[in-house]
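Participant: These are the residues of each chain, in order.
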Amino acid sequence: MTWQLFELLLQASLMTIFVSVTSILLGLAFAIGLSAMRMSGLGPLVWFARIFISFFRGVPLLVQLLLIFNLLPAIGISLSSLTTALIGLSLCTAAYQAENLRGGFEGVPRGLIESAEMAGLSPVQSFIWIRTPIALRLTFPALVNEAILILKSSSLVSVVGMIELTKMAQNLAASTYMPLPIFASAGLIYLAINWIVAIAGRRAEAALPGLPAK
Amino acid sequence: MTQPAISVRNVSKRFGDTLVLKDINLEVPRGQVSCLIGPSGSGKSTLLRCMAFLEEASAGMIEIEGEALGFSEKDGKRRRQTAAELRRTRSKIGMVFQQFNLWPHMTALGNVSMALRRVRGLGRKEAEARAMAQLVKVGLEARAGHYPSQLSGGQQQRVAIARALALEPTIMLFDEPTSALDPELTGEVLNVMRALADEGMTMVVVTHEIGFAASVGNNVCFLDHGQLLFHDTPETVFAAPRHPRLEQFLDTYLDRGAQMLR
Ligand SMILES: Nc1ncnc2c1ncn2[C@@H]1O[C@H](COP(=O)(O)OP(=O)(O)OP(=O)(O)O)[C@@H](O)[C@H]1O
Ligand SMILES: [Mg+2]
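From first to last, the protein sequence lines stand for chains A and B.
Using the working numbering, count along the first sequence one by one with no gaps and you end on 439.
Using the working numbering, count along the second sequence one by one with no gaps and you end on 305.
Think of the hints as simulated: they come from the structure by calculation, not from any bench.
Fair warning: this is a prediction, and the values are worked out from it, not measured in the lab.
Check the hints yourself; a few may be wrong.
Said to hold, decoys possible - Below, computed lysine to any residue pairings styled on SDA-like, alpha-carbon distance capped at 25 Å:
(1) B:Lys135 <-> A:Gly336
(2) B:Lys135 <-> A:Ile338
(3) B:Lys168 <-> A:Gln350
(4) B:Lys135 <-> A:Gly345
(5) B:Lys135 <-> A:Pro434
(6) B:Lys135 <-> B:Gln75
(7) B:Lys168 <-> A:Pro434
Build the full structure now, drawing on both the sequences and the hints.
Facilitator: Shown next as structure tokens:
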């Protein structure tokens, strides 16, 4: 195991981090949108959100990625590996995050929504300025958890041609015939990244302003 | 006769099978403090919440300064108002809740300036200047940057009052504003309310603070089992309670006070 090999792994881990962070953030935005649809009370939107969420939670991510990778070109849309990976990962995490957020939105005390109503906020304003921030605050630990899961799941995007940490490790193992140290190093890098995410998450959790009373 | 601030006409409210408000008729005069008292479960909160349309009356009409609230009446039929109509009438009302209901992710200043920015469309500077003026009024300018979790209950309730006042309502509704507070913190909130009353604000206060009702209230309404049994000046109500239910209520109230002394 040489420094050069390790450096190649580190470089590939940057792709892992980029894909994961982008997907988490995109997924969060989608998840908020899905929550809004689900709470809109408008039949078609509610159903769309429900079906979306059960599909992406029910079908393995690997299958989703392969579907997107093969389906879109078949209908004439050609996407790069990176775009495909980002779409797959972010839609999948959106479904899980929407499910997490459901608990958060349900946990917003009714009185806080009533005080927003009395302050003249429209339902949409109340959703944006009051309910969503509080729901996010309530489910923040679940969000950190999801970030760690996505970092690990991102290894699956190699099936659509992305070279990230796991794929790089596989390639190097095949060409150097040193699978053990290389996979051990890759594992350590994942561990280190997730350890940092967990610590940063705990710090952020402590720094966020208080939860609603009760 | 001048137009009342709030007029409640034949309002009934049922939750499922239980009739919680029974044909309430009440006129809240402008510039006065009206206190709503009554035993637990008698419907005080429900009536107050109907006055803000947080609860929809099952029957009857409520008018705010002559304008229908929530429902409009046409040919004897009630029609649900549009959201915009409701918001316009409601903008005359400020509401203070028992549990304060401050938004926990915003500072005191953020809570008070929120609607000025998002609803009134003021710029950040202007909104915060006005919000700060309200915080000064309730004596909390030094706590402007604190989050609700960093404030005592009494301070939170004063911020909640400032938040309501920032929108310049003509009527303020209070639902047991001091019941969630430690006894030593009720005074600071009652003082703010007393000052507000002195300025001539129209106030409706659901309260168990008989002392406040007697000294600040201009009139006292006694609710019992969803019926408005009594509506008079505090002198009449407290000095010579004539209705047996009112007498009983005041007795238990005084008993409770006496027991606390033991
Ligand atoms: N959302 C609701 N659904 C069903 N019943 C309700 C609801 N809100 C209130 N009630 C019932 O209506 C009655 C009146 O309640 P309300 O809260 O108005 O009483 P209150 O006079 O404010 O009592 P307290 O002094 O305890 O606050 C009670 O019997 C209560 O259980
Ligand atoms: Mg009550």
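Participant: All hints are to be evaluated individually against the structure, with a verdict given for each.
Facilitator: Hints, one by one, checked against the model:
Straight-line distance between C-alpha atoms of Lys135 of chain B and Gly336 of chain A comes to about 19 Å, which keeps the hinted pair within the 25 Å bound. The hinted pair formed by Lys135 of chain B and Ile338 of chain A meets the criterion: a straight-line CA distance of about 19 Å does not exceed 25 Å. Distance restraint check for Lys168 of chain B and Gln350 of chain A: the Cα-Cα separation of roughly 20 Å lies within the 25 Å cut-off, and the hinted pair is therefore satisfied. Restraint check for Lys135 of chain B and Gly345 of chain A: the C-alpha separation of about 10 Å stays at or below 25 Å, so the hint holds.
The straight-line distance between the Cα atoms of Lys135 of chain B and Pro434 of chain A is roughly 31 Å, outside the 25 Å bound, and the hint therefore fails. Straight-line distance between C-alpha atoms of Lys135 of chain B and Gln75 of chain B comes to about 15 Å, which keeps the hinted pair within the 25 Å bound. Distance check on the hinted pair: Lys168 of chain B and Pro434 of chain A sit about 23 Å apart at the alpha-carbon level, within 25 Å; holds.
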